[in-house]
Amino acid sequence: MEIRTAFVDAVTLLAGGQRLAMPVSRNLANVQAGLHELRLKDRAGQIRVFYYIKRGDAIYVLHAFKKKSQGLPQREIAVALKRLREV
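Sequential numbering from 1 applies to the sequence shown in the working numbering.
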């Protein structure tokens, strides 16, 4: 499945009130309450999208990046948290 299609499908489900679980989405409450990581994959590689769910009100897509190593890069987390503070 193409990354864009998978992204739109996931956001559509989230907007409809569904909760996504592993392996599609991971809760990052250990980083920030309400923060999640959308995990997308195709032949070209893995893409991660950080998003924030504001209690039943909105979904904010904060940052996307191509995953190149195991673990969550702190630089990418910092970008998402900075953008979260701006919304």
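A portion of the hints provided could be inaccurate.
Claimed, not checked - Derived CB-CB ranges, DEER-like: (1) S69 to G17: 13 to 21 Å; (2) A15 to S69: 25 to 33 Å; (3) Q74 to G16: 29 to 37 Å.
Stated by the list, open to error - Using 30 Å as the maximum straight-line C-alpha spacing, the simulated DSBU-like pairs for lysine-lysine come out as follows: (4) K66 to K82; (5) K82 to K67; (6) K54 to K67; (7) K41 to K67; (8) K82 to K68.
Please keep in mind that the hints were generated in silico from the structure rather than gathered at the bench. The beta-carbon is built from N, C-alpha and C at its ideal position, and this holds for glycine as well.
Each hint, compared with the structure:
1. Between S69 and G17 the Cβ separation comes to about 34 Å, which falls outside the hinted range of 13 to 21 Å.
2. Checking the proposed 25 to 33 Å range against A15 and S69 shows it holds: the Cβ atoms sit about 31 Å from each other.
3. For the pair Q74 and G16, the beta carbons lie near 33 Å from each other, so the given range of 29 to 37 Å is met.
4. Taken as a hint, the K66 and K82 pair is honoured in the structure, with Cα atoms around 19 Å apart against an allowance of 30 Å.
5. Simply put, K82 and K67 have alpha-carbon atoms about 19 Å apart, close enough for the 30 Å limit, and the pair holds.
6. Our distance criterion of 30 Å between C-alpha atoms is met by K54 and K67, whose separation comes to about 25 Å.
7. Between K41 and K67 the alpha-carbon distance is near 10 Å, which keeps this suggested pair within the 30 Å criterion.
8. Proximity of K82 to K68 is assessed by CA-CA distance (about 22 Å); at most 30 Å being required, the pair is judged to hold.
Consistency with the previously given hints fails for number 1 only.
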